[in-house]
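Let's have the full structure, built from the sequences with the hints guiding it.
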Amino acid sequence: MSALSLKTYGMLAEFGTPADIFEAAMRCRDAGFSKWDVYTPFPIHGMDEAMGLRKSPVGWFTFCGGFTGFFSGMTMIWYMNGFDYPLVVGGKPLFTPLYAFPVSYELTILLSAFGTLFGMFFLNRLPKFYNPLFKNLRFRKATDDRYFIVIESADPKFSVEATRAFLTDSCHATAVELVED
Amino acid sequence: MNPALRISNNWMAFFAIAALFLTARLFGAEHTDSHPVANAVEHAGHGHDHGSAAESVSQFSLKQIAHSYLTAYMFTLSLCVGCLFLSLAHHLFDAGWSASIRRVTDTISSLLFPWMTFLVFPIIGFAWHGDLYGWFYTDPASDHSLDVKKVLFNRETFSVLLPGVIALLGLVGGTLRKWSVAQDKDGAAHWTSKSRKLAAGGIFLFAFGTTLVCFFLMKSLQHQFFSTMYGVYYFAGSVWVTLITLYILTMYLSQPGKPLEKVYFKRQQQDLAVLFFAFTVFYAYIHFSQYFLIWNAALPEETFWYVLREVGSWKWVGMTIIFGHFFVPFLLLLNQDIKRNMAVMVPVAVWAWLMHYLDMTYNVMPVLHPAGLKLTFWDPLLWIAMVSILGALFRRKYQTAAPYPLRDPRLNEAVTHHEVPTSAARSASASTH
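Chains as they are written, first to last, in my numbering: chain A, 1 to 181; chain B, 1 to 433.
Errors might be hidden in some of the hints.
[Stated by the list, open to error] Here are the simulated DSS-like pairs of lysine-lysine, each with C-alpha atoms no more than 30 Å apart in a straight line: (1) B:Lys258 - B:Lys178; (2) B:Lys374 - B:Lys315; (3) B:Lys197 - B:Lys178; (4) B:Lys262 - B:Lys194; (5) B:Lys197 - B:Lys397; (6) A:Lys55 - B:Lys266; (7) B:Lys397 - B:Lys178; (8) B:Lys397 - B:Lys185; (9) A:Lys92 - B:Lys219; (10) B:Lys315 - A:Lys92; (11) A:Lys7 - A:Lys157; (12) A:Lys55 - B:Lys262.
Quick caveat, the hints were computed from the structure, so don't treat them as lab data.
Keep in mind the model is a prediction, meaning the values are calculated, not measured.
Right, dumping it as structure tokens:
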């Protein structure tokens with residue numbers, strides 16, 4: 001089977017230090033790649049900016065979840081206690097936002113958390129059970145002491161030769177290899 | 001300006017205020033009843049007739065000045081105890097990011113002694129004169145709620161314990177500052193570990209001390225009231241207003257050419273804004289809990305406090321606090337970019353000061369003006385005067401040492417806190433690998 005008949009996933013580049021990969025990430029960003037990612041054993045502060053990532057939109061999911069939680073809590077209690085089955089408890093009004101507040105507040109937190117978690121899953125297209133990188137032996141060091149950049153072949157700027165040259169010469173990767181799909 | 005002149009400016013401010021008191025005393029000659037506050041409080045306690053005598057308080061009476069002074073004092077004290085809390089928290093959590101602003105918080109909290117201790121004596125004077133606290137001249141035998149609280153609420157304990165506790169808190173703040181300044185000279189690590197030990201005990205002292213001080217000064221205006229949340233409530237509001245004050249103050253101090261330029265960055269500023277946001281929620285949580293528990297239990301010895309505060313325009317002051325102290329800043333600061341946006345944060349800071357002052361007014365003034373909110377010229381005057389005095393004292397003391405802890409072991413961490421490494425820092429870290 002020839003190499004050309006294999007589908008490629010992307011180009012994997014290995015780096016030895018956080019400083020090197022930081023520099024390389026900025027070069028990839030400036031080169032205008034869009035489908036690429038950085039893999040490190042621990043978070044590197046400032047990497048978001050170095051990669052040119054936009055602010056995560058996950059906050060909007062959180063907000064919508066919280067908003068829904070608060071108003072569904074209020075509406076539920078009004079409907080149950082003040083409208084559908086009016087019941088006087090302790091001489092208090094049939095409905096007031098005051099005693100509905102603790103429940104609405106808890107629901108705000110609960111649905112905000114759901115919004116955050118599931119919004120993040122949705123945005124990251126999770127759950128995803130398989131990634132071609134898992135097969136790559138070199139990539140296993142990403143959880144130990146090596147730092148990786150992967151530029152996917154789906155990127156419009158990707159070409160096997162040019163990208164390999166870019167990662168080796170401009171980014172000073174210690175090793176570059178093609179990852180099969 | 002030479003230092004001597006600066007000192008004399010501060011004293012001028014003191015004399016100016018003393019002169020104002022004297023003027024007011026002369027104008028307030030019709031003041032005859034030695035303990036009239038008791039009337040309003042006791043009537044309110046029984047839930048009817050909100051003291052017609054108290055409604056006609058002359059704006060030149062000592063009672064008016066005493067209450068305005070107390071409101072201003074509570075506001076100013078908030079900034080000092082808020083800073084003390086942040087210094088203590090810094091040491092307890094072994095924090096890194098806040099090392100560069102710690103000299104600021106240390107300096108403000110060290111003003112508790114002697115300055116804030118000194119400024120509490122007029123309140124004690126007003127109290128002995130019968131202008132503030134109804135219980136001062138009430139016989140415990142005639143008042144059950146006072147009888148059970150007379151261990152604390154008696155004239156002698158009040159007069160000794162109140163300044164004593166404020167001084168003690170100030171000594172904790174002052175000691176932390178002194179040790180930090182000592183570390184500037186020798187760079188020894190033991191100052192940091194000593195400070196942490198002091199903070200471990202100091203946080204308890206802070207919790208009990210702040211609660212005691214605000215029970216004495218504010219809660220005892222209506223000594224019949226019960227609330228275990230009250231101390232936390234004052235603490236939450238205090239740290240809230242302190243954080244936004246620090247936000248603006250440190251922004252100013254880190255401008256190009258100012259002392260914190262090289263050690264204080266956007267990320268730390270954002271952290272202060274995040275904490276401010278957290279305390280917006282915490283304050284609302286505490287104040288709501290206090291109200292909710294009292295509302296739910298509906299016991300007269302607790303509800304009278306809020307009943308008085310739902311009369312006339314006080315109801316709208318309460319609403320303003322709910323929306324202005326919580327909902328507006330909460331919804332505004334949900335977005336993380338807003339926390340770095342000066343066009344929003346500066347107005348928020350001004351707003352927060354107004355809200356905290358209104359909150360203090362809401363606690364103090366209904367006793368004097370049960371019919372509704374009534375501002376007199378004393379309120380802004382004493383507020384601005386006291387904050388200016390504190391500001392001038394801070395400015396003077398801040399200049400007597402380095403603007404940040406020069407050789408704090410955590411300073412490097414603070415400087416590189418979440419910032420994108422500069423080329424120099426990157427090559428330095430590369431060479432160590």
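Taking the hints in turn, this is what the structure says about them:
1. B:Lys258 - B:Lys178: holds, 23 Å
2. B:Lys374 - B:Lys315: This hinted pair holds, its Cα atoms lying about 13 Å apart.
3. B:Lys197 - B:Lys178: Distance of about 15 Å is within 30 Å: holds.
4. B:Lys262 - B:Lys194: This hinted pair holds, its Cα atoms lying about 27 Å apart.
5. B:Lys197 - B:Lys397: holds, 25 Å
6. A:Lys55 - B:Lys266: Holds: A:Lys55 and B:Lys266 sit about 16 Å apart, inside 30 Å.
7. B:Lys397 - B:Lys178: It holds: about 12 Å lies between the C-alpha atoms, which stays within 30 Å.
8. B:Lys397 - B:Lys185: Within the cut-off at roughly 18 Å; holds.
9. A:Lys92 - B:Lys219: Holds: A:Lys92 and B:Lys219 sit about 27 Å apart, inside 30 Å.
10. B:Lys315 - A:Lys92: holds, 19 Å
11. A:Lys7 - A:Lys157: holds, 17 Å
12. A:Lys55 - B:Lys262: holds, 27 Å
Checked against the numbered hints given earlier, the structure satisfies every one of them.
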